[in-house]
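Undergrad: If you want the building blocks of each chain, they are given just below.
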Amino acid sequence: MRELIEAHRVIVCTGSGGVGKTTTSAALGIAAARTGKRVLVLTIDPARRLATTLGIGTGAEDVLVPGQDYPGTLWAGAIDPARIFADYIERHARTRAVADRLFANALYRQLSTTLSGSQEFTSLSRLLDAATGGAYDLVILDTPPTGHATDFLLAPQRLNAVFDSAIVSLFMGRTAGLGLASAAWKRSVKIVLGALTFLTGSAFVATFKDFFAAADAIAPDIRETNLLAHRLLLDPSTAFVLISSFDSAKIEEGRAFRDELLAAGYHLRKVVVNRAWPQWTPADAAQRAATGRALLESGHRALADLHDELSGYYMARRTLHTGFPDLVTIAEMDEPVLGLKALEGLAERLLRSG
Amino acid sequence: MAAGSFAKGRARSAHRIVFVTGKGGVGKSAVAAATALQLARAGQRVLLVELGSRSFYGPLLGMQIGAQAVPWRAGIGIARWDVESALREYIGHYLVFQAAADKILNNAVMKALVAAAPGLAELAILGKLTAPMRHAWYRRDVDAVVVDAYATGHFMALLRAPAGLSRTVATGALHKHTQTLAGLLADPAVCEYRLVTMAEEMPIAEACEMARAIRGETGIAPGLVCNRLLALPQRLPALASDHPGAAFVRQMARVARRQSAGLAALEALGDDRADGVIQLPFVATTDPIHLLESLADALTRGAGAGP
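Chains as they are written, first to last, in my numbering: chain A, 1 to 354; chain B, 1 to 307.
Just chain B, with the same shape it has in the complex (with noise of 0.2 Å):
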């Protein structure tokens, strides 16, 4: 589908998505949070959203995170979406007495609609994403929605919900809906991925099989981020086994090694990343907020430059 057939339909309150995903364990939903940071300070307005039954950004910025966005920063809200919820909101929308509704659709139905049906979960997420896309009542008045989603098997399912959904729900308005969201998973001017991974050999392998993967499903080549980088001497020396520093020099060529292999795979994706890998640094503090505005400013300097 072109980009253009969107155009008409854009309500003002349209906005960008950033889905931020990675392995477990990469610092993923830091990555998110500073990327809405990024985008704050370039004056846009944003909400930062993050899915599944808990709260990550709750205790780690000890603030209450529910389904209605909290202001955090200037231009900065974030939320927590739940599944049931949404797939709630979803059906709501299509049942006539919204009273009956609300006592039909109670939780234990909820739960298992979602567990039995395959993508609905994943669908109810992404049709309340693209609400705003797709209905011009709809409103959300932001520049970007970055998603701190899930990790990498569940995020493709995420991606692959609307093709998958469509070929077992070939007929109803769920098909017409897949088809709708699967255009704007695929639409550059609509959604952004930003691929968060670690200078290790299991995350980087999978961060490029993912890589390969997000541009299979969507057309979209994703950024890639690579988190924790040490920022190191180009040369390192080769200090004498006594040296009470030796041990640590070692390593560190060890994690010099590491990295630029790491980097270098990255790099070779090619055509299957967008632009160059944004390095991000390993910051030693045990501060959130610090964390974040240190990772805000690597990204802000974007790719090109170290960590």
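Next comes chain A alone, as it looks inside the complex (with noise of 0.2 Å):
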């Protein structure tokens, strides 16, 4: 893990929700400090406990850590999307007149921020500016938890495709200079926009259209955002950590995203599994025999039985095979992770683990 850290500027943590990746983002940001680097852990939507760990407010800019005391720095940042999408436009709009038509389009409030990618576009964008600003020599991204930890690639392409010129021009109703037969793609343009339309009513279309044309103008910027983060994704100097948990699905899971992720070029430099076994699991059989054999001597049978059936479960899920060659496991906690004495626990471990 030190060289992780040593070796990277900037480390994306991915994984399927529910795995614990905020924690661990959080506790790899600590790890990092410890290691005396000045780091940035940008988090998507924390627990209220855990922003309060970190001193994550209601504010946009990032904040120090507070009760910290390492060899190096640790700040914080929240990803409000709705927030970043708005302060985005705002620097990117080429006049004031393009960015108040966007935000006074009806249906942007909600189009910014249920847009598909519009959340990983955001993160992106921050990232970015943080990881190329120079202020800190690490920066953490924590990704939003989707049901599928691919999600989070394929957003920035989904979010192009909407701001497509071609499919805009579609929707506005456009088809010159497209290269394309005209006639045909006119035909279409009209069916799809009668369909829509006799679907949702033609106010509902007009501002639909609106939504295009204010959008079309800041469409290039935000192309060309996309392309500088693919590229800053795929630089070796940028880590991809898997997180995941020791369940079946999750590990197939995992497998398929590893894949995508080596077919992509991207690098996977390590699979955190978190909770692969509680603390109190023996390290090794003997242990556990005397551990069963002492609970039944001391006269509690449904304890001992217990005791084997789950020391079973979770010697048996660790010798699962994975198949990653970078594989770390983390102990269940026996407390929550929330605050920070826990979360340094949980940095001490990874910088442990090797």
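Hints are computed from structural coordinates only; laboratory data are not their basis. Treat each hint with caution, since some may be false.
[Unchecked claim] Listed below are the simulated DMTMM-like cross-link pairs for lysine to aspartate or glutamate, each with C-alpha atoms no more than 20 Å apart in a straight line:
1. B:K176 <-> B:E217
2. A:K190 <-> B:E89
3. A:K37 <-> A:E3
4. A:K341 <-> B:E201
5. B:K128 <-> B:D143
6. A:K37 <-> A:E6
All values reported here derive from a predicted model rather than from experimental measurement.
Build the complex: two chains, separate frames, hints provided.
TA: See below:
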């Protein structure tokens, strides 16, 4: 883990929902600060207690994590998609009028947050700023808790698809310059718009078209940002860390994700399996047997049986082949990992894990 | 809308819908499959539906799951519905020339629409789910559809999509549909909500919030399922610190406290939950079938029984 922290400028923590990504990202941040780095941890939608621990409030600025005492410094920031999107538009709109037209569009608020890929886009935009700003040695990005780990990588493409000039033209009824058989496309456009109008009414379609017209002005910037972010993600100084848990579905998913990452050229450096086994499980079979015997001897049959069943299960899981070369397994902590002390404990485990 | 107003239009192939939701990582998909097993054991014909572009049940059960239902057990078929196909079906229904529809509604356009139109994707899924209730000609010969639905935030977006879209799109055929869909989601004769959680601080807090949100949105209180519970003895001994089992028993005592606190919080939901909380066991197996059958046993035993 030290090498990982030493050798990279960006660490992207990916994984599906419910595996402890945000917690692990924060702990990695502490680990890096312990090795003397100036670190920023960017989180998405942290639990309230974790946000409090990290000192994240409602502001847009990065905050110095309170109560820290490390050789380096640890900063934290929360990614608020609506705000970042608005900031982005402010910065990239050529004129005030362009920005205002977007903000005034009735669909804007809904679209900017529910727009597929917008959460990921805003994370990447924030990452780009932080990684190229020069204030930090290392930026750790926690990714949105989507159902599947790969959603994060596909998001920019989806967003690009929305702002794709051909698609925009289609909805705006423009076909000139697309280099396609004009008559056929014009007919298609008429039919799709006709269907949309029937389904949604002409007022909605007008608002919809207006959104695209307004967004059209900013589309090149969105594509440019996506491109720069894509390059940053591909750079060897960007490490992907897959956070997973030890159940068969997540392991399968992890394998699929690893394959996709490698195929696309990203650098998957580590797989962290959280809650792999409880802290009380003994390391070897002999100890296990001794514990079971001791419980029986002191007359606690039910507990002896439960111990045998559970430790047998965790032992079996520990030998489940995962096929990951750089695998780190973390025991289940006895208490929820929410305060700074608990996070420091996790950071210590990560540093020791190699 | 009164439940009876749907009776007239209800086709012979209308069915109940059981939505299974909960925080990511609590075992929602396993509970959905176990629910399908539970209903099939009671003699019902069940369609188990998973949503999204990737299959969970396929790799788990060693099957190829597609858009067409694949038989799994006697009385259970499994299908995976993805949003773009559902939307294409939905829009295609309104286009006059079906052949043209398929050509125009290619993936790029569908992806853009799905990405851009708020709630349209959710509406397509809800439309597909409720089609037998709304069109006499739409056949789905099952008694129940169990939906392995999205996790918390995304599921609430699904429930809220009809009302949300109804406000944004105030006219047109879609507007009428959004009202019909909202009505169906709020009809206890049609829909049931199963909210899965685990006895840990964050999942319990999220489940309580979600139960209130579901009831607030639909008027229907969800059934609560607490998963992965350990069957612990009533009283745990205090062992001497040099006893080899001391660490284990201390941890079990912590788990027992956490479990009873969690269950108490769920019980305290009162009207925001349907009936009693169903307790599901932690099943110490790496065999998925064994897991699902054990969960189905516990679901059949129902609320009031321990895990």
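Undergrad: Take the hints in turn and mark each one as holding or not.
TA: Here is what the structure says about each hint:
| no. | hint | in the structure |
| --- | --- | --- |
| 1 | B:K176 <-> B:E217 | holds, 18 Å |
| 2 | A:K190 <-> B:E89 | holds, 19 Å |
| 3 | A:K37 <-> A:E3 | holds, 13 Å |
| 4 | A:K341 <-> B:E201 | holds, 18 Å |
| 5 | B:K128 <-> B:D143 | holds, 16 Å |
| 6 | A:K37 <-> A:E6 | holds, 9 Å |
Hint compliance for this structure: every hint is met.
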